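Number of protein chains: 2
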Amino acid sequence: MLTTPWQSQPLTSPYDQGRMRQIIKDRHTLGAGHSPALRGLLTALDCPEPRAVKDLCFLTNPYAGDLVFEYMHRDFVAQPHNLRDLTEAYPSQNGFIAADLARHLDLPADNILIGNGTIELIQFFIHALGLKKILVPLPSFSTYYEVDTACTEVVPLPLDPEQGFRLTADDLVAAARQHQVDSVVWINPHNPTGTFIPKDELRAAFGQLTDMKAIFCDESFLHFVAEGADEGDGLLATSLAPSFRSPDTTLANLIVMKSLAKDYGAAGLRVGYGIMAKERKDWAMSKGFLWNSNGLAEWFYRLLGGAEFHERYLEARRRYLTGIASFSAKLTQVEGLEAYATKANFILARTTNGMSGYDLMERLLLEHSVYIRDCGTKIGLDHRYVRIAVGRQEDEDAVIAALQAALRG
Amino acid sequence: MLTTPWQSQPLTSPYDQGRMRQIIKDRHTLGAGHSPALRGLLTALDCPEPRAVKDLCFLTNPYAGDLVFEYMHRDFVAQPHNLRDLTEAYPSQNGFIAADLARHLDLPADNILIGNGTIELIQFFIHALGLKKILVPLPSFSTYYEVDTACTEVVPLPLDPEQGFRLTADDLVAAARQHQVDSVVWINPHNPTGTFIPKDELRAAFGQLTDMKAIFCDESFLHFVAEGADEGDGLLATSLAPSFRSPDTTLANLIVMKSLAKDYGAAGLRVGYGIMAKERKDWAMSKGFLWNSNGLAEWFYRLLGGAEFHERYLEARRRYLTGIASFSAKLTQVEGLEAYATKANFILARTTNGMSGYDLMERLLLEHSVYIRDCGTKIGLDHRYVRIAVGRQEDEDAVIAALQAALRG
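Here the protein sequences come in this chain order: A and B. With my numbering, the residue at position 283 of the first sequence is 283, and numbering never jumps. With my numbering, the residue at position 396 of the second sequence is 396, and numbering never jumps.
Among these hints, one or two may not hold up.
Part of the chain A face toward chain B, derived, beta carbon under 8 Å [as the list claims (entries may be wrong)]:
1. THR60
2. ASN116
3. GLY117
4. ALA174
5. GLY268
6. SER286
These are computed hints drawn from the structure, not numbers from a lab. Values in this document were obtained by computation on a predicted structure and should not be read as measured data. Note that beta-carbon positions come from the ideal geometry of N, C-alpha and C, so glycine has one too.
Using the sequences and the hints, build the whole thing.
In structure tokens:
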């Protein structure tokens, strides 16, 4: 796609610095804890060259995005009538799409519930199961603690920065017992900390929590874990999903969530699914979900199952894994910043030079056209924190240099 | 789009007649009361020229479809990077899309809940409101009586074919009282009968049903009602939606459903919304719906608000209304068929020559490449019924001739 490497440069905007700062501030305040999407922010800034800005707030594999776009070109730009067909026709029902995906993943279709993005499923299960007390390790992806707060008490399990935010599966079980919750959430690898619990530990721990109404294990960032990448296609090497292949290993209360937005660069398609006991899927289907995929999403699910696409995706994943390792290593060398170890495609970091995460974000954007996530307002973190996504490896030196310059102040 | 008029011709397939009949039969049996989508049926028949088949099962304005596709060409085929942007980026939240749509419709954003298609909202409200007894005039769109049958008793209100399936608003109130239901459904114009109740009558009747937990008024076919088409832009002339412009006329239990699939030819985008009291919308939003639109849907909502597109859509609608009137009139002249009066973009009809609706559907498809909806399995109808959508006016004489030939047997 992009052949010339990205270059750090001041942000272009018709406004003066003071006005730009005010606009950035306003958009962050408006988002109420959610970082504003770069596109909207740059529109507000009247930025004439939005593509010159490096988006390291958004968590996506850019090589996979290139690949998906290449197939979109083939199927829609070169054959526009396909675009019309998918616009006019009703997409397939949930079960048909699940059956296709099941073949691709070698998982039973009866256990797969297709979502309109995983967020639809998270919201549904939290409220429809009537969960009363849900244990959420913090900091976390906000949907798990923002939904249905009128009926569900969120019990925070604070992760300790001095321990690198690490949590063991036993900690999770102990906290569930201590607080007498009826449900547990773990994102593996965790967002925004990048910490990870091996599947065998998780499986053993969840086996002790059979009295929970629901255990959410969110594997949306699992394709970014390098362990097991060479076993088979490596995509399920560290996943709990294969436990649903046999009734003997199926946990009745486990729901494995898998967004396809990050690994495939497809957030706008609303693609993702949950893997769960057949009884739970059937119950959910009695409440809705029949026709919840759009035509472009259905095209994408079918694309996943294509042998050529799959091979090329695995290659895009390997390339990105190399980039993640390289960028993470370089980031630990940056002065003024402490970067936490990660198994995901982002790095949580905190400033050590007195600069706030917000100021670092603002300076990087205005002076270098790099956009990162200020985590100062995230519950469980303080004003020093930022989250930096891993982008293209060919840009990493320029990004590291921009960070160094911004941190020097 | 298509400049040469469509021509009736036998269906092309590598299979012999007996095998083709079996495949058609199997697909209809598989659908369990839902007519199979033409695309899948023709794939099963290995039909090499699917575009030669006239789809009059699918209920859509083809001129509006042409128009939407023209803008897709402009925005995606001519500018592929837009396709990538909407694939990669997270779409806007429900409230932002509702605000745009509110401006376009001149309705309060607080009353608009965007759905992933209206079917998401229908399913949600029926189960989440805990409706115990729902009054459904039959025949009907099946989602209203198929959902959540374990918890909700569907009370049928049979519509009388000898009265042209007509129902008055008073009949609806009387039946609600008689059966002591807690909720009522009316599709206006009704699917599949094409019957219609003027908004003032409906408004007065619903005003007597303030004790209902929910009143669903589904206006998904309302753009096909010719009355009021010359008032302003005519789109809301016969709608109950404007009653939400003032607290004085807002009914707390009324939910106006509006799919955008039929009028705009956009079933695959999953676009539609509900209009309801603010309290009910806020309650629903506390249960989910935050990010339920996909990127292409968001593009479409923005397209709706464009002045040029809107003007051209009104023109496409006028053109289609002319075609509906013309085709309906010609259909009443066809021997062997009794066609019911319609206010929608389809005509319910029954054979009067002893042929079943299924046989008519099969013969039309095999001998003339026209696909219509057999309604023989629809609850509230018998084996004689079919539903025929209105297509392009330039094809109407060929379609009528095919019908006449098929009915002659």
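Could you work out which of the previously given hints the structure breaks and list their numbers from low to high? 4
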